[in-house]
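Once you've looked at the hints, dock chain P against the given chain W.
Now for the letters of each chain:
2 protein chains.
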Amino acid sequence: MAVSIAVDIMGGDVGANVTIPASSIALKRHAGLSLYLVGDEVKIAAHITRLSRAERNRCKIIHAPQQVEMSDKPSIALRNRRESSMRLAIDLVKDGHAHAAVSAGNTGALMAIARFVLKTIPGIDRPAICGIMPGIYGATHMLDLGANVDSSAEELFRFGVMGSVLASAIGDKERPTVALLNIGEEEMKGNERVKQAATLLEASELNYFGYVEGDDIFKGKVDVVVCDGFVGNVALKSSEGVARMLTEFARDEFSRNVWRKLSTVFSKRALTAIRNRADPGRYNGASLLGLKGIVVKSHGGADSSSFASAINAAVIEIKNNVPQLISNQIEKTLTRR
Amino acid sequence: MAVSIAVDIMGGDVGANVTIPASSIALKRHAGLSLYLVGDEVKIAAHITRLSRAERNRCKIIHAPQQVEMSDKPSIALRNRRESSMRLAIDLVKDGHAHAAVSAGNTGALMAIARFVLKTIPGIDRPAICGIMPGIYGATHMLDLGANVDSSAEELFRFGVMGSVLASAIGDKERPTVALLNIGEEEMKGNERVKQAATLLEASELNYFGYVEGDDIFKGKVDVVVCDGFVGNVALKSSEGVARMLTEFARDEFSRNVWRKLSTVFSKRALTAIRNRADPGRYNGASLLGLKGIVVKSHGGADSSSFASAINAAVIEIKNNVPQLISNQIEKTLTRR
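As you go down the protein sequences, you meet chains W and P in turn. Heads up, the first sequence is in our numbering, so the first residue is 1 and it goes up one at a time. Heads up, the second sequence is in our numbering, so the first residue is 1001 and it goes up one at a time.
So that you can see chain W by itself, here it is in the shape it has in the complex (with noise of 0.2 Å):
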């Protein structure tokens, strides 16, 4: 199947030393798909060398004189960024030209930018943020990351939905189990959208598991972890913020002295294996569901493989139809009340 992806070859921390290497890994990876390289045409020749021959030629260089900068807020981006690579790319989606766009920029403005331009499925308001969140026995697909605050139960349950059909898609599992993000606390259980959305759940047709809370999502006990955007944004942060000074605190430790600097010999490989296990690199790339069109977005800082996940998530998601499938299924529990 020929696919075609608009990248983003300027966004976030990265840049075309980073992306256009990642272009290279995912041209490699799929026979039939073909990029648009879209950035400073400039910074693109620099790096197109280091694709081969044969990958420069699936390759379409389209130049933005214009670049969103991570410090933009998504009005400006909206109104003052109509030439740049980030608003071009999406734009080859709207326009047909590509299935889908790929960027590591500033999610605000590629959120902002992606519902105005490709516009949202009925039924959606705003496109929610679903990312892959490692765990002990698996991998569990978690939204809203972010783009939406103070959701109500009806938008929590439409999370369920569309995360439902992701995960059924990537993981390729026939019925994902989704839970409800919740805390534990007995008396004060929830507030009142999250036990509203645990009775649409119950009476959807998605595989339903209840209420799970913060630890959970890091066992790979479900599919589908679903939760209000700040909640989620503050999850996803403070996950990151703890293996960060974990990190810290190996780094510190293991160079504490000689003999510690020299264990680090024995022990790098097993240290390299955990950190590769839990880096969240390895299944890099968010999606913004609930577009008419496929929008993925990759961590700021990703690393060329990473940011070739994110390239990969996006051929998954063209392959699988994803948009459609959310559409039909949202438009079924629309039709249904």
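Hint data in this document are derived by calculation from the structure and do not stem from the laboratory.
Below 25 Å or equal to it, Euclidean Cα-Cα: the simulated SDA-like pairs (lysine to any residue) are:
#  : chain 1 : residue 1 : chain 2 : residue 2
1  : P       : Lys1221   : W       : Ser255
2  : P       : Lys1221   : W       : Phe249
3  : W       : Lys221    : P       : Arg1244
4  : P       : Lys1195   : W       : Met70
5  : P       : Lys1060   : P       : Ile1048
6  : W       : Lys319    : W       : Gly171
7  : P       : Lys1219   : W       : Arg277
8  : W       : Lys221    : P       : Asp1215
9  : W       : Lys219    : P       : Arg1256
10 : P       : Lys1221   : W       : Asp252
11 : W       : Lys73     : P       : Gln1196
Distance ranges between label pairs, derived from CB positions:
#  : chain 1 : residue 1 : chain 2 : residue 2 : range
12 : W       : Asp252    : P       : Arg1175   : 28 to 34 Å
13 : P       : Glu1154   : W       : Lys28     : 54 to 60 Å
14 : P       : Lys1319   : W       : Ser152    : 46 to 52 Å
15 : W       : Gly220    : P       : Met1070   : 22 to 28 Å
16 : P       : Glu1202   : W       : Val258    : 49 to 55 Å
17 : P       : Lys1195   : W       : Glu83     : 31 to 37 Å
18 : W       : Ala31     : P       : Met1070   : 53 to 59 Å
19 : W       : Glu202    : P       : Asn1080   : 25 to 31 Å
Listed next, the stretches of chain W that the computed footprint assigns to chain P, with coverage defined by at least 3 CB atoms under 8 Å from CB atoms of chain P:
#  : region
20 : 144-155
21 : 207-216
22 : 241-249
Note that the Cβ used here is the ideal one computed from N, Cα and C, for glycine as well.
For chain P alone, coordinates are given in the frame of chain W:
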């Protein structure tokens, strides 16, 4: 200064085999400390021999025929566990015999009983749970960790006032920095309540820092982080989940083959040091703030050294008269409007 603390010997996954050795540690640390050991007298008798005669003379055993179970709903615990170790420990505070109660039991039950027996100070409807999180550059007090959901801006503001008093007493800081937990996506920066709370904090006498994000908690960037209890509980549990996942991965990777097993011999000290620095037990003892009395909640799975930390936290709160200081500060904010 003579201080007296009621210790719930039975609560949590821990029992007398943890809480009694912990009591011994606390008695050694604080010369003026005396304890009420509240629980099943047979179980207490079985472990009391671990205390020296002098230590035993500083303890009074209070027999409790009942126990709050971890599965008890708070309403059940309140109605049907009036002779439990948890309830009797809090009664001792209410009756002026003890200056504080410490328990590793069911959080919801502890909240409900403490609130019913001790009552909250004027201006506070429900107490907030304030814990200490480890961080790269120091520890951070964080509240609320799960007692209040859907907190209003006014409530978030009062969490800031209470957390500031506690951080000042425990951390010995004159003007602790207070931050609001928020999310970083610019367009949707925060929800309405957080934005309004920011306005209240800015106008207050507190040393307001501004917004922080989830990963900042584990940097030790500020002294106090304020958030809604739903959000705080998810952040706490998520971070525990990540730490547990990394520990699992480490256990797994370091036992993968003979060489790796051997390598742990060399890295044991570094690995232990990392675990100790990141150990939540190191800062064990979450305070229930806003009560007319001192109640400290220990982690349910604490060991004797970390349960002793919870008793230690209670001693510091007693010596600094934290409930009175909180009451004064809250009253000030109430009369000012």
